[in-house]
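Throw the hints in and build the complete structure from the sequences for me.
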Amino acid sequence: MMPSSSDTTEAMPAAAGPREASTSATPVLDLVLKTLEDAKAEETVSIDITGKSPLTDHMVITSGRSHRHVGAVADQLERALREAGYGKPRVEGLPHCDWVLVDADDVIVHIFRPEVRDFYNIEKLWSAEFTD
1 MMPSSSDTTE AMPAAAGPRE ASTSATPVLD LVLKTLEDAK AEETVSIDIT GKSPLTDHMV
61 ITSGRSHRHV GAVADQLERA LREAGYGKPR VEGLPHCDWV LVDADDVIVH IFRPEVRDFY
121 NIEKLWSAEF TD
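Counting from 1, one number per residue, gives the positions in the sequence shown under the UniProt record's numbering.
You may find that some hints are simply not true.
As the list claims (entries may be wrong) - In silico DSSO-like cross-links for lysine-lysine, where the CA-CA straight-line distance does not exceed 27 Å:
(1) Lys-124 to Lys-52
(2) Lys-88 to Lys-34
(3) Lys-40 to Lys-88
(4) Lys-124 to Lys-34
(5) Lys-34 to Lys-52
Because the hints were derived from the structure by calculation, they are not lab data.
Written as structure tokens, this is what we have:
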């Protein structure tokens with residue numbers, strides 16, 4: 001994967017730091033964002049942490065409307081990554097579906113129910129740590 005020199009997304013009005021998902025510089029991130037959009041995930045943000053964390057290059061945070069929707073989004077994302085040749089991502093948080101993490105190496109995706117997302121507020125944590 002080639003590192004991105006700049007974040008090409010638009011600023012999210014509700015929170016300082018994270019970026020609202022739009023276009024990206026990597027094919028796997030593009031696939032993730034497109035799949036989340038197709039799955040009707042809500043309030044998707046992408047945080048570019050390239051070179052700032054050994055964990056990943058991009059953190060994507062999104063919401064599903066219910067337990068069932070969170071699980072369906074995770075399943076659809078896992079299937080899309082496999083079909084595109086990225087292998088089987090590591091998935092944590094099923095079957096509860098309050099917070100599901102999909103680890104696709106260069107992109108880590110957090111899929112939350114809205115109230116769980118509000119409680120943990122990881123956008124603020126990651127953006128405060130890596131965007132200053």
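Straight-line alpha-carbon gap Lys-124 to Lys-34, limit 27 Å
At roughly 23 Å apart (the allowed maximum being 27 Å), Lys-34 and Lys-124 satisfy the hint.
Quick one, are Lys-40 and Lys-88 close enough, alpha carbons at most 27 Å?
holds (22 Å)
Between Lys-124 and Lys-52, does the CA-CA distance stay at or below 27 Å?
Within the cut-off at roughly 16 Å; holds.
Given the hint that Lys-88 pairs with Lys-34, test it: the Cα-Cα distance must not exceed 27 Å.
holds (18 Å)
Is the straight-line distance between the alpha-carbon of Lys-34 and that of Lys-52 27 Å or less?
The given pair, whose Cα atoms are some 25 Å apart, holds under the 27 Å limit.
In summary, the structure agrees with every hint in the numbered list given earlier.
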